[in-house]
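> Assemble the complex: chain H is given as a structure, and chain E must be docked to it using the hints.
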Amino acid sequence: MNQKEFDHKLDAVIKQALLLQIERDIAALPPDDEARKMNLIRPEFDAKMRRICARSDRRDRMKPVLQTARRVAIAAMVAIAILFGTLMTNTAVRATIVEVIVEWYEQFTRFVGISSEEEAKHIEARSWSPAYLPEGYMEVSRFESDSTIVEYEDHDGNLLLLRYTVEINDLTVDNEETIYSTIEVDEITYYLSEAASEAKPNVLVWFEAGYRLNLSGHLDVDTLLSVAVSTK
Amino acid sequence: MLSFYLATLESDEDKETMTKIYEDYKNQCHLYAWTFLDNEGDVEDAVHSAFLEVIKRKDKMFALKPSDFKRYLVVIVRNKALDILRARKRVRPYEDEFLTFAADTAPTMDETLSGKELVELVLQAMEELSPEHKLVITLKILEEKKNPEIAKIMGLSKKQTENTLYSARISLRKKMLSMGVQNESERV
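First to last, the sequence lines map onto chains H and E. My numbering applies: residue 339 is where the first sequence begins, and numbers increase by one. My numbering applies: residue 1306 is where the second sequence begins, and numbers increase by one.
Same shape as in the complex, but just chain H (with noise of 0.2 angstroms):
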């Protein structure tokens, strides 16, 4: 059986696994005129819940709201910006079906691909693959599902990420203690967040033949570029 029936076997038994779970968590409840003699609940309790609740409710509904005005203003603000400078540069705009606008924000870079859906139906299907890799990594193993996510390893265990996809989906990398920064290479820009400190990963996304790759990694910069230009 190949890897993707042997995964879809496994789903089917974890949901058996865990409603056989569930029904033995329930048959191990006491019942409730027993559980109410051990008096677990707090007198406090609901009074103090309704009080915080009351308040925190409140402030919850509003976060989300506040959070997609700004969303929406920065790339209005973004937008605005690209397309005046494609309008001044002309002859630099390349015909391709991905418009790609960045997002600021406090903890997150966000690429949020913009593609005609009509444009991404034609897009082929395809496998990608780094025609060059460091020293000791092979590829171990590779997970199809929204997205393509390949795994790469070395002998010491560290590890190489490749993931790709052609949906219009959003992509958040965390920008928290990361440099981030721009790479021209063969007509294709590399948006690369360098990690500030070593244990995070150096990230590169870019966008190609109407897909969106992300490579990610305890690279040098160099070399997780020398492998993103070689993944075809």
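Worth flagging that the hints you see were computed from the coordinates, not collected in a lab. The beta-carbon is built from N, C-alpha and C at its ideal position, and this holds for glycine as well. Heads up, some of the hints might be wrong.
[To be verified] FRET-style restraints, in silico, Cβ to Cβ:
hint: 1; chain 1: E; residue 1: T1324; chain 2: H; residue 2: T520; range: 50 to 60 angstroms
hint: 2; chain 1: H; residue 1: R480; chain 2: E; residue 2: K1325; range: 42 to 52 angstroms
hint: 3; chain 1: E; residue 1: T1340; chain 2: H; residue 2: E525; range: 54 to 64 angstroms
hint: 4; chain 1: E; residue 1: R1393; chain 2: H; residue 2: M376; range: 18 to 28 angstroms
hint: 5; chain 1: E; residue 1: E1345; chain 2: H; residue 2: L358; range: 22 to 32 angstroms
hint: 6; chain 1: E; residue 1: A1368; chain 2: H; residue 2: E382; range: 27 to 37 angstroms
hint: 7; chain 1: H; residue 1: V559; chain 2: E; residue 2: A1368; range: 47 to 57 angstroms
hint: 8; chain 1: E; residue 1: A1368; chain 2: H; residue 2: E372; range: 20 to 30 angstroms
Chain E in isolation, oriented as in the chain H frame:
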């Protein structure tokens, strides 16, 4: 606490139903949360979040048979408790310990093990997963939620959610392999 829940409901009928639900299940929910958590504050947080979730899903939940409702409620309390555990110890994706593979004579999913034995094996392997992995697998496979919804529940980005789910599956698969089960195609 009950009056807070009632205030978020609209009709008197809904409020009556929610009152009954709260009174019928509050003690068992507390008891169940205690099986995952080890302090009163976390237990109260889990139970509180669970009843809020019931109100959010009231259209679906109020229409359930009592046995199905209880099952759903138990799953909700479990997920809230796992979420609290997960928040306590932030497990980063990719930083899971990979176990060694079993011998090449191990039984496969197609032979030797009966369905029941396989389910028990999976249950055992799942017990060893981190709270984050348990939660993401429960949300994805048992509750059949889409990735964006899971991302929202767990407070992760979409990319982090996909990676967490990916590493959870890998971790589970490798724990099962260490217990002696492998995919036929992986047999050496």
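> I'd like to know which numbered hints this structure contradicts. Please list them from smallest to largest.
none
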